[in-house]
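Under my numbering, think of the first position of the sequence shown as 230, with each following residue one higher.
In case anyone wonders, no lab produced these hints; they're calculated from the structure.
Even glycine gets a Cβ: it sits at the ideal position worked out from N, Cα and C.
Keep in mind that a hint or two might mislead.
[To be verified] Okay, derived cross-link-like pairs now, EDC-like style, lysine to aspartate or glutamate, Cα gap no bigger than 20 Å in a straight line:
#1 K412 - D373
#2 K412 - E487
#3 K316 - D306
#4 K383 - D531
#5 K383 - E397
[What the hints assert, rightly or not] Between beta-carbon pairs, the in silico distance windows are:
#6 E320 - R523: 18 to 28 Å
#7 R354 - P234: 29 to 39 Å
#8 Q345 - G440: 41 to 51 Å
#9 P317 - Y232: 32 to 42 Å
#10 A342 - D453: 30 to 40 Å
#11 E320 - E526: 40 to 50 Å
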Amino acid sequence: MRYLPPLNALRAFEAAARHESFHRASEELHVTASAISHQVRGLEETLQTTLFVRRTRQVLLTDSGRRLFEGVREGLDRISAAAVSVKPQPENPVLTVSTVPIFASGWLIPRLADFQSAYPDYQVRLETSVDLIDVERADVERMDVDVAIRYLSKPPATTLDIRFLFHERLTVVCSPALAERLKTPEDLTGVTHIQTRLRPEGWRAWLTPRGLAHLDDGRGPTFDNDTLALEAVMTGLGVAITHQEIAHPLIASGRLIEPFGAGHVIGLSCYWVCTRRRSQLPKVVAFRDWLLDRLAEEGLLDAGRPTHR
C-alpha cells in the first residue's frame, strides 16, 4: 500500500516551494495565504519534519523540503501529463503543409482558395523547402508539420502514411502562335529555351532520351520558378520545360500548347507523407481527400503503385 500524504497539502507545498512564497502560491491555487500555511504546517506534522525556513515575505526549502519537492514536482507533472493524454483535446485549426517551392507556387497555391472555401474552419500554413526528407529514418516525425508533399525517387519502406500521387512528368510548352513552327523536337533549334533556376537540368532531362542533348546549350532567359517562366512563354518569348501538373490549367484553357504531346515521365514521383498519428486528424483527412479529388479531377492522379501505410 502506498503511503500518500493528503494531495491538497502536497499541491500547496509544491506551489509554495516553487514560488518561495505562501502568498504567490495562494494566488496560483486561488486560496488564501493562511490556507497554504495551514496545509504546509499539517504536512510537516504528518511527516514529522520541517520543510521550510520561514522568513518575512519568503520561505526557503530545508534539505528535507528540497528532497520532497523534487519528488512531488515530478509526480504532479506526471499526473498532469497523464490527465492531458486521456482528455480529448480541441483540434488545432492550423494545418501545416510542407512541400517544394515548384509544387507550392505552381499547383497548390492557385487552388488553396477552393480548399479554404470547402473547409473554412481550417487555416493552412504553407512551408516550402528544397530539402529532402529521409522518410526511411522518419525525419517527418521530427518536423513540425502535419503533411509533407515530396518528390522521391522510389517508394520508401516505412511505417509512415505514404501515398503515391503521380509520376513526375516534364513537358515542353509554348504559345499557340509558336506551336505552328514546332512540328518535331528537332524544330527546337533556333528557338529560345526558357530556363528555371530551380530546375537547371530540366531541358537536358527531356532532350537526352530523344538524342537531342546537343540542343541544350544552357542559354536563354532564366526565371526563379515555373510560374514566371510560363508567363514568359505565353508572351511568345520562347519555349519552356515544366511539370505537366503545373501547366495543366493553362494547357486545358488553350493558353499553352504541348507541341510534342503529353509529358515525359522522369525518375521522381510525388508522394504524400504523413505520420500515422497525424493521418487520423480530421484536418489532415479533409486536406488529403480534397487533394486527391482535385488531382483526380485534373487527370493527374496516377494509378499503378501501392499505398504504403
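R354 versus P234 beta-carbon gap, inside 29 to 39 Å or not: Given about 46 Å between the Cβ atoms, the range is violated.
Regarding E320 and E526, is the given constraint of 40 to 50 Å on their beta-carbon distance met? 27 Å, violated
With 41 to 51 Å as the target window, see if Q345 and G440 comply at their CB atoms. Given about 47 Å between the Cβ atoms, the range holds.
Could you see if the CB distance from P317 to Y232 stays within 32 to 42 Å? Given about 34 Å between the Cβ atoms, the range holds.
Does K383 pair with E397 here, judged by a C-alpha cut-off of 20 Å? 12 Å, holds
Please work out if K383 and D531 have their alpha carbons no farther apart than 20 Å. 15 Å, holds
Would the hint linking K412 and E487 be met if the CA-CA limit is 20 Å? 11 Å, holds
If you check the beta carbons of A342 and D453, does the distance land in 30 to 40 Å? 23 Å, violated
Is the hinted pair K316 and D306 satisfied, with a Cα-Cα distance of at most 20 Å? 15 Å, holds
Between the beta carbons of E320 and R523, is the distance compatible with 18 to 28 Å? With Cβ atoms ~23 Å apart, the hint holds.
Does D373 sit within 20 Å of K412, going by the straight-line distance between their CA atoms? Violated - the C-alpha atoms of D373 and K412 are around 49 Å apart, more than 20 Å.
Checked against the numbered hints listed earlier, the structure breaks hints 1, 7, 10 and 11; every other hint is satisfied.
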